[in-house]
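**Q** Protein chains in written order, with the numbering used here: chain A, 1 to 89; chain B, 1001 to 1509; chain C, 2001 to 2174; chain D, 3001 to 3122; chain E, 4001 to 4970; chain F, 5001 to 5113.
Honestly, the hints are just simulated from the structure, not real lab data. Cβ atoms here follow ideal geometry from the backbone N, Cα and C, with glycine treated the same way. Just to be clear, a hint being listed does not mean it is correct.
[Stated by the list, open to error] To be clear about the criterion: a stretch of chain C counts as covered by chain E if any three or more of its residues have a C-beta under 8 Å from a C-beta of chain E, and this derived list gives those stretches:
#1 2030 to 2044
#2 2071 to 2085
#3 2095 to 2107
#4 2119 to 2131
[Unchecked claim] In silico EDC-like pairs for lysine to aspartate or glutamate, Cα to Cα no more than 16 Å straight-line:
#5 E:LYS4377 x E:GLU4460
#6 E:LYS4693 x E:ASP4799
#7 B:LYS1438 x E:ASP4799
#8 E:LYS4792 x E:ASP4782
#9 C:LYS2142 x D:ASP3108
#10 C:LYS2142 x D:ASP3032
Listed here are the chains, written in short residue letters.
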Amino acid sequence: MIDYAILYAYGAISLGLLFNLWRLFAGPSTVDRILAVDTMVINVIALIIVYGIQMGSTVYFEAALLLAMFGFVSTVAYCKFILRGNIIE
Amino acid sequence: MNHWLIAPIVLPAIMAPILLMAARHDIVLARIFSIASVLALLGIALALTTLVSNGLIVTYALGNWLPPFGIVLVADRLSVLMLLLTAGLALAVLLFAVDGSDHQGRHFHALFQFQLMGINGAFLTGDFFNLFVFFEVLLIASYGLMVHGGGATRTRAGVQYVAINLVGSTLFLIAVGMIYSVAGTLNMADLAIRVPHIAAGDQALLQTGALLLLLVFCIKAALVPVHFWLPGTYANAPAAVAALFAIMTKVGAYCVIRLYILAFGADAGVASWLAAPWLLPAALVTLTLGMLGVLAARRLSQLASFAVIGSMGMLLIAIALFTPAALSAALYYLLHSTLAGAVLFLIADLISRQRPGHDDRLTVAPRFAQLSLLAGAFFVAAIAATGMPPLSGFIGKLLILNAARSSVAPVLIWSLILGTSLLAIIGFGRAGSTLFWKSTGEAGEFPAADQRQTLSLVAIGLLLAGIIGLTLFAGPLTAYLDATAEQIFATHHYIAAVLGNTALQGGIR
Amino acid sequence: MADPHMPEQPGLLRRCCPHPLLSLALTLIWLLLINSFSVGGLLVGLTLGLAIPRLTSSFWPGRPRVRHYGKVVAYVLLVIRDIIVANLQVAFIILFRPVGSLHTRWLCVPLDLTSPEAITLFAGTITMTPGTVSCDLSADGKALLVHCLDAPDAEAAIREMKERYESRLQEIFA
Amino acid sequence: MEFLNELLVSSLIVIGATFALIGSYGMLKLPDLMSRLHAPTKATTLGVGGALVASMVYFLALNGTVSIHELLISLFLFLTAPITAHFLAKAWLHTQQPNTLPRPARHDWSTFEKAPGSDEAG
Amino acid sequence: MVSSPPLPYRCNLEPPDREPMSLALIVMLPFLGAILPALMIRAGRNACATSTFTVTLLAFLLLMTHAPTVLRGEIVHARWEWVPQLGLNVNFFLDGLGFFFAGLILGIGLLIITYARFYLAKEDPMGSFYSYLLLFQGAMVGIVLSDNILLLLVFWELTSLSSFLLIGYWKHLPEGRQGARMALTITGAGGLSMIAGMLILGDIAGSYDLSVILQHKEAIQASPLYLPALILILGGCFTKSAQFPFHFWLPHAMAAPTPVSAYLHSATMVKAGLFLMARLWPVLASTDEWFYLVATTGLITMLIGAWIALFKDDLKGLLAFSTVSHLGLITFLLGLGSPMAAVAAVFHILNHATFKAALFMNAGIVDHETGTRDINKLGGLMALMPISGTLAMIAAASMAGVPLLNGFLSKEMMLEEAAHTAWLGNDWIVPALATLAACFSVAYSFRYIVHVYFGKPAGETPRHPHDPPFGMWGPPTLLVVLVVLIGLFPATIAGPLLATVASAVIGGPLPDYHLAIWHGLTPALGMSAVAVVVGLSLLMAYTRVRRGWAAGPHPEAKAIFQGTLAAAVRLAQIITHGLHNGSLQRHLAFTVGAAVVLGFVAFATATHAPGTRPLLPATPVAVIVWLLLVGATLAVVLLHRQRLTALIAVGVIGMVVSLSFVYLSAPDLALTQISVEVVTVILILLALNFLPKATPNESSTSRRLRDGLIATLAGLGVGGATWAMTTRPGETLSGYYLEQSLPGGGGTNVVNVILVDFRGFDTFGEIIVLGIAALIIYALLDGATRGAVGRKLAAWQPDQQRAADRHPLMMVVATRVMLPLALLVGAFIFLRGHNVPGGGFIAGLIVAIALIMQYMASGYSWAAQRMKVDYHALIGSGVLIAAATGAVSWLTDHPFLTSAFGHFHLPLIGEFELASAMAFDTGVFLTVIGATMLALANLSRIGCLAETLPLQEAAMEPDLRRTHPAPGEH
Amino acid sequence: MEFLLSSAIGLLTAGGVYLILRARTYPVVLGLSLLSYATNLFLFATGRLVLDQPPVISTLATGYTDPLPQALVLTAIVISFGMTAVIVVMALRSYLENGSDHVDAPAPDEALP
Ligand code: NA
Ligand code: NA
């Protein structure tokens, strides 16, 4: 049962990622693209966790943890760049 | 366990952080440390020379992991010779830099030490991924040294230099990957054992990897058509750095010698002498283009850059013949061309400093101070660089011509070597007469520059003395180099030293 | 990283453990991280829990004045509940509501909170809960710009936010 | 018991994945950036949360190991998601300069006006 | 261990040397003495000249000590090893020929040195003149005494170099510089040709020692390489001795001071080619090839030189072309290949040296006294300068071949030989041409006398002439005396010497010859008579002859040469600067192109087989990840001109690559990639602030197509290689690492154990790379705060509209909370690295990112104030800790970086592990933090400097309580 | 799977090469980044592809992937990170000095003022 759930999860998250990819291309604004990437990071975290369940291994946990911790740093940096140019003032 | 073997790497690696921490704000202290370190390196290189001069090959298994599993350092005649050359060159260059240019930017001495560490590491390592690491160390240090002091054209040339070398590093990794994927090892000696046993179906990957790696080394060695980085880099780098870079091209040449005789040499089965058919034509073209550049140069540093390219062509012609005699000639020429190339950049810089507004351009300018002294130095250096008698360039040229007798295309090689010598003679003659003779006809003089140049002149003197030493002691030196070449070609000695005799007898494990 | 120019020279306990709550939290999180319990792990956690606040104390010039720890828990539970509801609501909107039928609007929420931590928490809560995103703070820090995905009644929405979250936060941060 | 665990894990995974998908779908469907901003910051939070809880339950039940470090991921996401949204919104405000915004009483929004007392010139 | 291979060119050291040192000393004295004039010039011009004279005299006397031996027909040897591997050794020998030439060089040298003392003007730097002269002298003596043809080559080229200095001595004269370079080019080219010839010759003979080579006539002439060797060696001889068509450099070398012309271009250097032909005559001559090459060239040169000399108005030009002609004459004689002709050649060398040096000195006197050398401006000098005039008359008459003077004797011998020479079966053409040349010779010789010393003065000369001091006319007088004495008593004065020399040249029995004024009515006498009559008639009718000459074409060799050279330089410049145009795009296209070509050709030409490894299934997740990667890559390429967007897309690629690493069982790589990605993005954004925000479209469509093609090929290549690699089974060393990781390395995370233990040395290098990167960044940015760049930076205006608030409150608060958490995670990742994914590198990046978040949230100065750490020291200590960890193992005599670990048990805590690898990893950790922070902090410092506002202290405090506005302020 | 990886690496290479051949420093830097991704994946692939067999010794493991390429890639990632940082800052400095971020230096003889 879990296998089917996982398969479903892969499909759903992957589809979500493709939507994100579309948004990355379509924009229209740079902010949209940043949003797309930010969402992508979240989906990737989900994907990694599901993969960890499938493999029965916690060895991939830190990858998700780091993405959660630092995924937002680049998003903030992009936004700060748009806002101020200089991201460290 | 001879721990001196790792000293050429660890000493500068320790000295650099010490310079960072203790002497960052005290240039005098930094200079003292830096020179002391180079002197120590010279001493160590001499000690190692005596260690290996009887034909011994000494190895050092890092982390006590036996090769091929751990990284191993190998000191044989060749690698120690390169260490010695590096240390000697470094001393002269450092003295030149200490005369003031080291203070035009930050961290010159730390970068210099790291640079030496990288170069020494590349000469000592017996592992080709570790070679990549040391390549990167020496390259990144060279990036810093190259743009030392800044300036518009220099930084732009710096960007180009870095970009080209990053592509080179990319290629390096791809090549290493291809070789590892079929040979399953990173140790050069181990590779040498495995190559002949690699299946026919895997040969394409192996040979492609090996040839791409050759291309990487050729980029470093400035071989046509991947030599383009050199003129802009050398001509725009600070003089001391350009002079030090004379050894960097030799790193490429060293790697070709090392790897393509050891692993792709006589015993490599179908991959035997893999490099030769590519190397020789490229080297011939390089020699021609380099010397044409000497003829066409518009600045002295540019002329020196093209002379370096030409000399690399000459050197690689000799290497590409892949015979002990030719290799011995190549090694002699390597020593010679390193010193000759370096001193040209230093002289060009001193001239440039004396002709504000004209710099080292080959144009008529008023008379400048120290004209006769620099003219004399230039004359000697030019004789060496063009391969005119009686200096080492001539002997090197004779050795190579002699060795090329039995090659595939002796007539072509001879004609090109001699023909391009003429180009060099004309080019250097033009340059010298413009700089030192024409100027005296002009009215006026440059104001005598008030700069301390004693150490710079000492540096130039040291290098010229080195050239003269190479000339005077050519006899014993060539005997030593003959033995060195023999040792390189007797690959089983190297393999046995690294992996033990059983590895040789048992073939592939 | 300790800043010698920090003005106050507090007592020994304060110096060793400038943020006891933080130290405790860090120790707990350490245990979470190592994903198992052992005395050794606890000791390491305690060490880090004490060391990290010391190392970072210069980045923490003042500590947030939390008055009622009990209400923090209640607040967290409330927010989690609201998040789940919010997700369902927004999911419904996304999946089934035609784009034209949404009452998207901007709200200007006046703030009674003054401490930066409280304002941040309030804004964060708003972002994490139904259909609202806190977008900007006024230059004087006295109003919050909130974007609503679907808010037919602006006044009601503002009132709800203030009553549901801001008043509770005011109690917590007194 | 095992079945119940499996069921629980499976449903959590399905729920999480569904929310993840809905979030991304919303980002695709909604017409303008500010609306799109609502989709991922909400839905994906629960999406990841669902997967995380599933993971916790899974390793507890199937491996017998207490694996609660997944909570940390949620903690970080909860801490960062509002910031992300805040910045995206500010970036949008800055680039679009909308004139339909409600204005606060005395001072403008800080994207448009410097904080009083800040000594930034110009 | 290595024995030298048998070397073919090793010399034998017999017969026992006799006085070897003195022979070498003759050569070395001028070299050693060359420093003297440069030093003595401080003591005055006389001291300078005297020291030079003394040195030369010493050498001359030394040489003379050998005279008895040599005249006895014995040979003196001296040998030292120099480069035995090459066969290049310092071997000298002295026989008749060498003795003769050495005597000529040193003897005339003495005269020249004397003459020059008076000739050179006050402002001429005499010290360097004499130094160069001595260098040249030494080189010349070296040539003639060498018993090793490679050594001879060395001296040969040294004469080119020193003559380059001498010709260019008057640096201010463009003619001097051009002449010097021309001479260097031509003789240098000849020297190069000779290198090849000598190498071949030595190879044929089995030795480079002349005394050995001279024994191998048959072997040499039978060798298929004889002709190439001959041509190449003659290339050297002809250029040096100014033989047609290489004759043109000599007249231009006349820009040199007259002593130089007299010495180099009449007596010595130009004779070097003749010397060598004479030296090798026994083994190279008397073949058809030799005859047609050498005799023909000599004959043509003799004719052309004489013809041109007739029309030269410059005294030295006239003498120069006459020298060319006489050199041709001697070459012709040598080329005939008969012993008799060889004797004549040697005799003429001696005679020419005497009268020509005298004439050069005479021309110098005229120049010196009148201030001009233009024949048209001269005339009637006999009355003003009787001594000089008399000397000139005698010397020129000898040159013309007037009986009773030495020139007559050897010229007569030449004509006699010519009379019996057939050329391609034709037996009149050689005598006819030789006679014609003799006619011209008579004409120009008499022109020298008549047009300079007789007739009426052509006008006022720049200076009022009179006979010069004795120092200047003494030396030519000595020579003229010789001219007369040899002319009158040839057998007595020159006989023994000639016999010795000639037998050395011939290397066999001397022919039957008589040195006498009268040989009876020979064909030669008739030819001589014709020459005198025709020559004098030519002079009578000079104006008309000249007009006729002027009407003809005058290929100006100098112009042709310079044109050729200029064209060569231009071609070189077109090639060089066209190719090296400084375009990175071109460099990279060549580099990638080379890799593509090499890769494809190498792959195609080697054997290959398809892989047999079972393929992994492509799971849906993999396909999605692949799609993401493809999409993001396309996004980067297609959107690359919008820089921020492209960066965002690159970030996506980075994330997808991390995800791939997760998927492909490489958690450590994933963690590293994620952390690196964040730092890279921040770094690029910081830089992008100052850079243009968009890339203009500058490439033409064809350029884009070209690049696209290269890119596609490169992609296909690397992709194909990946496919080839991953689809075949392979065996690697990895088994050992998996096996040894725990027992040998003390860790279960094999990747980490490899990094810090098995291959810790790589990691040591790697952190150093990182440290250097940070140092470079610091140096680059620090330099940007100063000077022109610093001013530019200070005046920098942001190119985009900027939002008002610099430090949004929410961010500040959130990052404060994040900081301790991130540090905790960093510690966690660090401590666990040895056993599970993690380690010092990733931990360092985590800590750095946490700190950078503070910078981003609160600004540079606020955070920098609170970061009291010296990042330089952090890098330094990191490297030092790593190095120290490695060095500790020296204490137990283990190699650098030998690890140690142990499991310990403590009550309460239980089992735990301590490993030296942890200390090493600490070094990694510190270096990474230091490097990252140094780089980023300095980048942001630049950003702050570019702001117009001063660095602030506390404005970014998140404390609204402090910054709350006073009511009604807005 | 092998095909997916190969084609991805090929595409990254192609994209990287195309970008490094552009005329401005910025795309060149991005191109170099792409190339370094490609190289890292390539080097990684020398250990062949393996699913869920991490190189961490454990009693549960059914097998291991080749750890050596992973260690090499780690080194390569770190080095290319340092290199990227250097070229970015050098490009910045060059831009500040020259006022242009065009990659092509003026011809060598025009290089001097
Ligand atoms: Na919300
Ligand atoms: Na690790």
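**Q** Are the hints correct? Go through all of them and say.
**A** Here is what the structure says about each hint:
no., hint, result
1, 2030 to 2044, "holds (count 8)"
2, 2071 to 2085, "violated (count 0)"
3, 2095 to 2107, "violated (count 0)"
4, 2119 to 2131, "holds (count 4)"
5, E:LYS4377 x E:GLU4460, "holds (8 Å)"
6, E:LYS4693 x E:ASP4799, "holds (9 Å)"
7, B:LYS1438 x E:ASP4799, "violated (50 Å)"
8, E:LYS4792 x E:ASP4782, "holds (14 Å)"
9, C:LYS2142 x D:ASP3108, "holds (10 Å)"
10, C:LYS2142 x D:ASP3032, "violated (28 Å)"
Hint check: violations occur at hints 2, 3, 7, 10; the rest are consistent with the structure.
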